[in-house]
Structures are given as structure tokens and as C-alpha cells.
Amino acid sequence: MAQLARLSRRKFLQRSAVAAGALSVLRSGVLQSATSPGANGKLVVAHIGVGGMGMTHLFNSLRFEKEGKVRIAAICDVDENRLEAAIENANPGVTPYRDYRYIVERKDIDAVLIATPDHWHAVQTVHCCQSGKHVYVEKPASVTVREGQAMVRAARENKVAVQVGAQARTAKGAWYTCRAIRNGIVGKVRRVSCWHYANPVDDKPVPDSPPPEGLDWDLWLGPLPYRPYNARYQPANFRWLLESGGGQIRDRGAHQFSTILWAMNADHQTSFTVEARGRPPAKGLWDCPIDMEVVYQFKDPDWTLEWGQPGNRVGKTEFGNVFWGENGHLVLEWEGGYRPANPEAINFQLPPGGEEVYRTDEYEDFNMNHKADWFKSIREGHLRPAVDIEIGHRTATLCNLGNLSYILGRKLIWDGDRQEVVGDPQANRLLDRPQRYPYVL
Amino acid sequence: MSAAVAGGAASAAAAEAGIEEFLTRVKQVPETASDKPPWTGARELDLGVVPPLLELLDSPEREVARNAKRALQEVVRHAGRPGAEKSALAMEGYLVEALAKPSTASRADLIWLLSEIGGRRSIPVLTRFLNNAELREHARCALIRIPGDSSAAALRTAWNKAEGVWKSALAEALRARGFRVPPTDKLKPVAQTGVKPKPASSQ
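In order, the protein sequence lines correspond to chains C and E.
Position 160 of the first sequence, counting from 1, maps to 159 under numbering that gives the first Met the number 0, and the rest follow consecutively.
Position 47 of the second sequence, counting from 1, maps to 46 under numbering that gives the first Met the number 0, and the rest follow consecutively.
Just so you know, the hints here were simulated from the structure itself, not pulled from any lab data.
Be aware that a few hints might be false.
[Claimed, not checked] Straight-line distance between alpha carbons at most 27 Å, and here's what the computed BS3-like set of lysine-lysine pairs gives:
#  : chain 1 : residue 1 : chain 2 : residue 2
1  : E       : Lys100    : E       : Lys85
2  : E       : Lys68     : C       : Lys158
3  : C       : Lys410    : C       : Lys106
4  : C       : Lys410    : E       : Lys185
5  : C       : Lys65     : E       : Lys187
6  : C       : Lys410    : E       : Lys35
7  : E       : Lys195    : E       : Lys185
8  : C       : Lys41     : E       : Lys85
9  : E       : Lys187    : C       : Lys203
10 : C       : Lys68     : C       : Lys410
11 : E       : Lys68     : C       : Lys68
12 : C       : Lys68     : E       : Lys187
13 : C       : Lys65     : E       : Lys85
14 : E       : Lys85     : C       : Lys203
15 : E       : Lys160    : C       : Lys106
16 : E       : Lys35     : C       : Lys158
17 : E       : Lys195    : C       : Lys106
18 : E       : Lys68     : C       : Lys410
19 : E       : Lys100    : C       : Lys41
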């Protein structure tokens, strides 16, 4: 099985048209072969955003630091309280920053982990790429299609590895499911459905107010249009506004869709139609739809992807996915990371001539493993981790166009080659949202 | 009165009655967020609903103002659909007229709505806002979004006259529109933290 896995990885790299053994230049000023990340084998890393998931990344880095794989040079957050807590958890020698641009300008930093709110992902990723730094950025990759395109361009032009944090693609649960589906466990799959609990509602809206002590509101807003602070907006509730978070479809959907595209071997199917409808909240600051149904139709091969809030819950947990095949169906609870795969998928034996699926397998902890996959892409020089930014952008495009169809109240025909909505100038205008200066691409 | 005229008058009366009923709903605050939204059906109404909705944007009752904003969003997005160019032009006209009036609290929202549907007629009012310290950044973004030579020309004219940070902001707008401009200070770090590094002795 290990040999089959290596062959599959080579095939993957050929398809990606990246020659193995390419030279990679690191901003630490050392020209290295593709076989090692730095003069002493260590990546110098920085963290931007140390809230919930950001602290998970920091703890991962601390573990990598103990193993001698990285050195944490800097941590940045616009909330002084969070920054202080993160610095306290880190080792001495880590520089704290409020303004991420200090990290961008440091030439000694090789790689950056970005776990800021969604609206910051593109700008910070592009700026870091442009200064030659590899990037690990949380999902969703982007909040608009044009931002995602800019991220892909920046990664390619600057020859850096950008991994999007849809970590199920390197996790066991998704891997078992992917290899089972690709090798016919339920036969040909023509429909995949997702169920997910509803978006929350804001029944206790409050007036705008000054921001809390220690929070740099201008820097938190960053590229978003200016608005006064509101306690029902920040920190975590930004997720329930269309302008900032995009709701469950962009939060969990970014995970679920990534796993589904992988299992369906459909990363190349960039054109589709999308039709969404939803029930908006009747009051409050949050405007993401409470319930939502989105249908994506792909061609060649033909299959349908359905996002349901609440959808049809076939499994046991709060959210998950069902692959409906000609010979039955397979459930994947959650997204394939935090929960194990269905026992059927785990016990599935590849048929003769079956296709093995590659997965970096260095850590049991899938958050650690996803970063190991990213390090590997840097070390080996191909710069295409498992959720390369192009894959992350395509996944985010599904989420963002789902929301756009809902906002516009109409079906959209997405031309993935031309990266535009067919015959709908207003929709195409909304593929982009100009950023607030100076936090611009 | 001819049948056609009578029919037309009846339609107009029905449309007006529909708008009145709708506005009555929009002026109410729902009990809970799970209730039926008051602005449901805004897209089906005659565009005559727009002027009263624009007035409600400045309602002192926060949730009523929010209802009006969400209704207007629905109307703008419906008016911008393919094949509805006349509606889009009419909607643009309403928004431009509203923005030309003296100060209202909701002008930033209107500028962003205009960015979704506006064309050449939007450029003069947005250009005026480039000189308004509070609204100029919103107007700059709207001019980036509205396609065509007029919006680009407005940005270029403003850039030629501007200085300092605002000149850089306009330069980035032109860059976003595909023009080559000199580098700006967008990557210059500014904000300082009060958090201190961990001392070495704490290891």
C-alpha cells in the first residue's frame, strides 16, 4: 500500500505540472534544494490571529518547535488580551505585534499561519506571498471570487506553498471515505447531500458602542467597509453576517465541500449552476439565512451537490454528508476530520486495480498532520500541498456563489474557465468587494 | 373612461394599496428573529415603494431602519437581474436622487447599494463624495466597482489633485482598475502593541 501511495503522489505531482526537485528560495536568504526547508532544517514561522483556531495552530507550532521543525519568531493579533495570552504560552524570544505588516516586512520569517477572520484571509495571504513567505491560511480561502483568484496568482507568481486549513483532506476519516467512494463502494455517485443545523439568529440586538478595551477596531475591520463596533458583531458573531462571515455554508461548507470534491475527484469540475433559497432572520444584526437550500449541478460527469440547512439528516450528528450511489449510500459524519469515517468505509478493501489515494500520514492529530503536509510541500519543493490555494479557492467559490445566488434571489450559471457568471452583469459585479484602504490587495 | 384607462387606473390603485400594506409591515418590529421578515415580498412591488423605503432608512427605530435597508437590498438585487435594464436604471435614479439630498445617516449604505447597480449617472454624485471625509472611502470603493471609463476617469481626476494618504488610496483604486501607478504606503506598518515579549528568564 505504501508503494501505491508513492505512485499516486507522483501521479498527482505530474498532473499539477510541477517538477519534483525544483529549487525553492526562502526569505531567510538561503538558497536551498527542495529536500530541506532551511540551513538547519527549521522553518521560521509567525502567527497572525490567535483566537480560537489560531491558538490551536500556535500549540501545534509549539509542538513542532519542540521537535526541531520550526522556530516561532512572531505572533500578531489586533486584540491585546489575546496577544498577551498567546505570548504567555509561547517561548521567550517571540516578538508580539498588533500590525501584521511588521511580519510581512521581516525577511527572516519563512512562513506564516493566518487564522484571522475570513475577510482578512486574502489580503494577508497575498501580502505574505508577495514577500516570499509560505502561507497556511484558515478556511474559507476567500470571501469573494476575485480575492481567491488573487491568492492563487500571488502563490504562483511568488513560488510559495499556500495550504488552506481544510484539514480533512489529510485526515483519516475523509481519506477512508474518499478511497471508498472513488473505488465504487456505492457504485457511481450522482448526488451528494449535506445536512447542517441552522444559522443562529440575533434576538437581542444592541446599539453600536465603543469597542472593548484592548481591541484595535480599525485593524479588526481591515478590508471591510467601515462600520461602528457592535457587541453582536465581534468577536465570533461576525460569522453570521453575510458581509463578513457568510454563515454555515462558508464556515462548515468550506470543510464539507472540500472533502466532497476530493471524494468525487471533482477538483477539476469548476463550472456548475447554483440555485439557492433561504429564510432570512426577521430582526437583528445577523442576516445570514436561518434555513437554506443550495443546489449545485455539475456536468461531465453529471452530479448534484446539495447543501441543506437543516437538510435531510441521514446520519447521527449535527452535520454531515451523504454520497448517494447506484448501489446504496455512504454517510460521512461532520467533514472527515474530527470524527471517524463510517465503519463500512474503514473496512472497505480496494478492488483489484483500484486507485489508492495519497495522504500525508505523519501525525495522528489531523491538525498537526495538515501542517506536516504543508511542510512536506515546501521541503520537497513542489509547493502543492493537499489543499493548495487553487483547490481552496475552488471550494470557497462554491460557498461564495451559494451565498450570491441567495442574495440575488436567482439561479447562476458559473463558467469556471472564464471565472464569471454567464449573462449576469450584476452578479459579476458582486464577485468582488473593493477593500478599505490601506488594507487592500 | 375607456376600459384600458379604467384597467390602468385599477392596476395603479392595487399597486398603491400593495405598497401601503407593505410599508405598514416594514414599520413594525418583529417579536423574534424567527418570525416572517417584514420586508418579504419587496421584490414583487412596483418601484414606487423605493422613495418611502429610502425615508425609513433614517428611522430612529433601529429595527425599522434595518427592515427598510433589507427591503431596499432585495429591490436593488431584483432590479439588477438580467433583462430588467429599465428597472435598474430607475433604481439607480432613486438612489442618486436620495444621495443628492442633504445629510442622512444612511448614505454609506446607499453608496454601497449604488455600487451594485449604478452606471454613468452615478458618477457625479459619487465624485462629489470623494471630497467628503466621512464618506470618501465608501465612494472610492463604489467607483472601483462601477465599470466603465467614467468611473475610472473620476478616480484619475481625484488622484491627480489628491495628496498624502488619500492620494495613495486613490492610486490603489486605479491599480484595482488595472492601471499602473506608483507604489503606495499600504504595507507600511503603523499600529504598535503594548504587549511585551516574554523575558528570557521566564523559560
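Legend entry - List of violated hint numbers, smallest to largest: 2, 3, 4, 5, 8, 9, 10, 11, 12, 13, 14, 15, 16 and 19
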